[in-house]
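Trainee: Okay, here's what each chain looks like letter by letter:
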Amino acid sequence: MFCEKAVELVRELHRMSDGQLPAFNEDGIRQVLEEMKALYEQNQSDVNEAKTEGKTELIPTIKFRHCSLLRNQRCTAAYLYDRLLRIRALRWEYGSVLPTTIRFHMCAEELEWFNQYKKSLATYMRSLGGEEGLDITQDMKPPKSLYIEVRCLKDHGEFEIDDGTVILLKKNSQHFLPRWKCEQLIRQGVLEHVIS
Amino acid sequence: MADALSEASDLSGGEESQEEDVLTPAELIARLEEAWLNEKFSPELLENKSELVECVMEQLTHMEENLQRVRKGDLKASVHRMEIDRIRFVLSSYLRSRLQKIEKFFPHVLEKEKSRADGDPSFLSPEEFAFAKEYLANTEVYLKAVALKHMPPNLQSVDMLKAVPEPCLDSFVFLRVKERQENILVEPETDEQREYVVDLEEGSQHLMRYRTIAPLVASGAVQLI
Amino acid sequence: MDTQSYMPVPPGVGMEENFFSLDDILLSHERLPCRTDTAFPKLGFLEKAGETHDIPEGTKMEMPMWLAKGLYERKRHVISVELPKVYREGWRTVFGADANVVDLHKMGPYYYGLGSQMLHFENAENPEIAQSILQTFISRFRRTMDSSQNAYNEDTSVLVERLDCLERALFRSGQNGLNAFQLWERGRASQLTASSLVTNYRKRKITELQS
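Residue numbers (UniProt numbering), protein chains in the order written: chain A, 1 to 196; chain B, 1 to 225; chain C, 1 to 211.
Note that these hints are calculated values from the structure, not bench results.
There could be a bad hint or two in this list.
Claimed, not checked - What follows is a list of derived Cβ distance ranges for each label pair:
hint, chain 1, residue 1, chain 2, residue 2, range
1, C, 203, A, 103, 16 to 24 Å
2, B, 75, C, 188, 25 to 33 Å
3, B, 207, A, 97, 41 to 49 Å
A virtual CB, placed ideally from N, CA and C, is assigned to each residue, including glycine.
Produce the complete structure using the sequences and hints provided.
Mentor: Okay, structure coming up:
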């Protein structure tokens, strides 16, 4: 049956239901586009034949192919759109700089989309109140205390806190830090929030 | 929360408080919390509350400034710091909910904005409007560049209004009644049922379809919880 | 939820499909028993036997739902769609007797979704089908909800094994609620945690290294 390649793209994402971004399947997309091209050309020639030679019996076949073309378009668009939703999530989870391993999974146009999204979001957040705006990608959970106990899961180097003090985030070291300074590092898996 | 807040504004001294604004800081935060919960639980994007957001942002800046003046190590300072953090959380969470819905429903949100009559209030703040427009353009450019432009001529575009789902207004929401309502028409759920009317007593809580009470959320007569 | 940033397009409600929904695309890939009411010239290669040049009129073949939906016309005879067994009277009686014993995953896994979609095709039994789907859902819902609320910190694979896709989604949301509540009860709701995306990528990197 037609459109098997296209639905394979969809399955590929559906299997990773937690939102991870698999490598961009350029080859899969290319194959779908090739099938579409073939279907379209066959239909073009059958439409001509039906018109010039009055072969109305071709109409069901033309319709069959047309349905397949629409299906291919839908699967491809849904594949790409779902990837955007995943890429969007990365901005919220990782911050505006993505690890190289993830960037490798994106095609050039996706990187471009991500950069634009980043820019739009930054413009929006800057527009909120005061001079600095408001970073709404922080404060994801309601605060319970000002300072929290954190353990360092990997070497991260020097880190400046509010009052200008600089501390060294060394693997396995434990610190008592202002919560709002740590949030992103915790999300990125550099620090771990310790609750006794 | 309210106590520490009014104290915070006391610290600032009376002369700096805005003359036109009749809201006390505590009322301001109560308004923010209402807007936050409504936005969090309603399936569709609600009317924007730019003014409220601005006021809260000013309040936060204000409190931050006051905090600078408080002696270090003062117990008061950490109470106020906590207060600031909590307000900032509610504000961020509120704006986040809105942005999430804008991203989820962008073609519909923009369509609604386009068809809005001149005098009607806008659902989007100017900044949200700009964001939504960029989001749409960015997404369309992307789909076109990666795949659509390589497709047969009649398939090179996707109607985003049809492709992106609309908010589901039939979903159920919990609500608390702030102002008594009479004769609310409830649609039947099954073929055997008939439609019926209910009165909503002040202070009572209900589980209903959002569509039924959407106007009451907008007017502030009920609070989503 | 604030903490889960990836929010996929949900499947459509009832007879609707959402264009971008991956779930709906897979649902509409389910195969339906069909019969051609006209010939499809030049497409013989798609058919099982695949020996003829055309698909002749009167051929029985399975078609994915998206195709059946696209070709089907109420007025003209292009194809006719038969009811899959689970929606026929025999099975409806079984569901009516005790819907809880049926393995809807095996029978489905899109029992409700596909059933609702079947209503697009004209069939005298449509009212009964709709009624049967609804009743099945109602009579199984309680068990789905109870089991999702009572299984904490345990392997749930046995519990979801026999559930249809829609029921599985409900089960999951019940579990999420339960877990969130338990965290809150133990005073851990405000614990900051690493993004699940981040941890999963790391896990994958490790497995890639090992292989």
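Trainee: Next, verify each hint and record whether it holds.
Mentor: Right, here's what the structure says about each hint:
1. C:203 / A:103: 16 to 24 Å: holds, 19 Å
2. B:75 / C:188: 25 to 33 Å: Since the Cβ atoms of residue 75 of chain B and residue 188 of chain C sit about 27 Å apart, the hinted range of 25 to 33 Å holds.
3. B:207 / A:97: 41 to 49 Å: holds, 44 Å
Consistency with the previously given hints is maintained throughout, with no hint failing.
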